[in-house]
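Line order of the protein sequences matches chains A and B.
Just so we're aligned, residue 188 is where the first sequence starts under this note's numbering, counting upward by one.
Just so we're aligned, residue 4 is where the second sequence starts under this note's numbering, counting upward by one.
Hint data in this document are derived by calculation from the structure and do not stem from the laboratory.
Among these hints, one or two may not hold up.
What the hints assert, rightly or not - Heads up, simulated DSS-like pairs for lysine-lysine below, C-alpha to C-alpha not over 25 Å straight-line:
| hint | chain 1 | residue 1 | chain 2 | residue 2 |
| --- | --- | --- | --- | --- |
| 1 | B | 136 | A | 370 |
| 2 | A | 370 | A | 396 |
| 3 | B | 30 | A | 370 |
| 4 | A | 370 | A | 549 |
| 5 | B | 148 | B | 105 |
| 6 | B | 105 | A | 549 |
| 7 | B | 136 | B | 148 |
Unchecked claim - Short derived list, chain A residues pointing at chain B, Cβ under 7 Å:
| hint | residue |
| --- | --- |
| 8 | 241 |
| 9 | 244 |
| 10 | 245 |
| 11 | 366 |
| 12 | 373 |
| 13 | 378 |
| 14 | 382 |
| 15 | 385 |
| 16 | 386 |
| 17 | 389 |
| 18 | 544 |
| 19 | 548 |
| 20 | 551 |
Positions of the beta carbon are idealized from the N, C-alpha and C atoms, including for glycine.
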Amino acid sequence: MKSGSSYLASGPFVWLVTIAITTLLLVASTKALWLVVPLLIAIILYYMMYPVVRRLALSGIGRDSAAGIVAGGVTLLVVLIMIPLLPWLAAQSVSGEQTLLRYLEGGRLLVDRTLAGLESQFAFLRRLDFHAEMGKRAAEFGDTFVQKQIREALVAAAVSLPSLLLAPFFAFFFLRDGQLFTKLVTRGVPNAFFERTIYMFERVDATAKSYFQGLLKLTAIDTVFLGVGMLIVGVPNALVIALVAAVLEWVPVVGTVVGCVFAVLVAATDYPNDPWVVYATVGVFVANRVLDNFFFIPLTVGRSIRMHPLPTVLMVAIGGAVAGIPGLILALPLAGVVATVVGTIAAIVNDPRLRARNAYAKALLAKRVTADLQV
Amino acid sequence: MFGFLKQKTEHPRISQIRQIGLFSTLKPRELRVIEGLLHEREYLQGEVVFDEGEEGQALYVVLRGRILICSQGDPVAGRVAEIPVGALFGELALLDGIPRSKQARAAENSVVLALSRADFNGLLDTHAAIASKIALQLARDLGQKLVTRFLTVESRPL
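Take the sequences, apply the hints, and build the full model.
Encoded structure:
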């Protein structure tokens, strides 16, 4: 008797193949980043819009029309938001570098004050000239960061902006023709493996759906928690910072740190003489991280990927190493999908009955097509 | 000019699906939705559709040919039923993923339509009206099969 879980093989070999294939896909993705980024956004949009499309379909509107209405509505909404936002963004970009430098200076002053405080408390740090050395390194890092990293990131974002317009286009077709794609692929599968293949597609969809919908729920929860926390602490623009930090959490490991540093820079600049605001902001982020790990993540993203923690951490590290930030975001959902496909294929390969059925079907076909060709 | 007044001709494929008892109560628009979900599979005489004990992932409707339901490894003495054109089999897979109780194999070259459990569950979410019509027809079909089985047992000599 076969149960659903036995349709998916697992074990060290399956994990090795999964990691190898995911790594190859991530390396390939770096060569087509202009396509990968809009595709990733399209997948997130698809899982955001899917419940609305479902609701419309339930009210009697056809799926095609519902997909068109929702995708069109989202595009229109983005355009309506962008029209008044563009002049503001243009104005901001002029003063953007000054603003950034002001916040970095605020951060540098915080580090400087903290180091001076540490040096006055600990004699061995004074002997090492810790304050001066670390201050020099922080200034060097700040200069390199502004001149190189941020400028490069902004240029890359500007270059990839037109390709982002592909995202709603892709999302619409995912919503409208997703099922046709499954049907098309399944058509080429031999009869013996047909039910396994539809099970695999069900699992792939369930994995991606639970991951991305869970991620969106987690973003909403984190935004509320961080926003309320920073409002209480008194950080200016708390909700905007909370939303940015919650979106940054999509990047595993690095995202939390970057989000926290961003909030700390704002707090340190706007409250230069009140270090407790900075410490409380860090406290809010630490509390959020702990709650994420123990409550929010199990409740939202949960075990959608169904991977052991060891290959999970390994996969995130490989993703970051081979494909940077998109690699960090993509590594886990991609590994989850690849694991399902590899697991299904491995289960088929290891099932002698299925292989025998396929061979029998081939023999029947061969007999049929050669019936009138006997010498 | 008045082309919109002309009655639209139905696609032959849709007409074919309408003939199937399970989908006979669906409207043309609903039939088009179902048509997008059905997988057409061809089986040669003797080919196995599913084995006894497998977890069912789909229900099947016979479009052409006949399907034999039998005990695995004993298609002659273990013959349970032969499914004719328009009838369905493997329907319990749609309600629950319980293991197949018998083997199904093509009694002659056959074409079947498969509706997967995942797609049926999707229908419950997106097209509840279609799913409820199919579920009702499915319940009728199962009821009919139960009555037939009951009468067979009743009429059996003691």
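Notebook entry, point to check: Does the alpha-carbon distance linking residue 136 of chain B and residue 148 of chain B stay inside the 25 Å limit?
Noted result: 18 Å, holds
Notebook entry, point to check: Going straight from one Cα to the other, do residue 30 of chain B and residue 370 of chain A come out at no more than 25 Å?
Noted result: Satisfied, since the Cα-Cα distance of roughly 22 Å is no more than 25 Å.
Check: Can residue 385 of chain A be said to touch chain B, with a Cβ gap under 7 Å?
Finding: Holds - the Cβ of residue 385 of chain A comes within 7 Å of chain B, reaching about 4 Å at its closest.
Next item on the list: Grab the minimum C-beta distance from residue 245 of chain A to chain B and call the hint holds if it beats 7 Å, violated otherwise.
Entry: 6 Å, holds
Check: When the nearest CB of chain B is found for residue 386 of chain A, is that gap smaller than 7 Å?
Finding: Check passed: Cβ of residue 386 of chain A comes within 5 Å of chain B, closer than 7 Å.
Next item on the list: Verify the interface restraint on residue 366 of chain A: the C-beta must sit less than 7 Å from at least one C-beta of chain B.
Entry: Holds, because the Cβ-Cβ distance from residue 366 of chain A to chain B comes to roughly 6 Å (cut-off 7 Å).
Next item on the list: Double-check residue 378 of chain A for me: the hint is only fine if its C-beta lies closer than 7 Å to a C-beta in chain B.
Entry: 6 Å, holds
Next item on the list: Have a go at the residue 551 of chain A hint: is there a Cβ in chain B nearer than 7 Å to its own Cβ?
Entry: Cβ of residue 551 of chain A sits 4 Å from chain B, so the hint holds.
Check: Any CB of chain B closer than 7 Å to the CB of residue 544 of chain A?
Finding: At 5 Å from the nearest chain B Cβ, residue 544 of chain A passes the 7 Å test, so the hint holds.
Checklist line | Pair hint residue 370 of chain A and residue 549 of chain A, alpha-carbon separation not exceeding 25 Å | finding: Answer holds: residue 370 of chain A to residue 549 of chain A is near 22 Å, not above 25 Å.
Check: Does residue 241 of chain A pass the interface check with chain B, least Cβ-Cβ distance below 7 Å?
Finding: 5 Å, holds
Note to self: Just to be careful: measuring from the Cβ of residue 382 of chain A to every Cβ in chain B, is the smallest value less than 7 Å?
What the structure shows: 4 Å, holds
Going down the numbered hints, you'll see the structure goes against none, and every one checks out.
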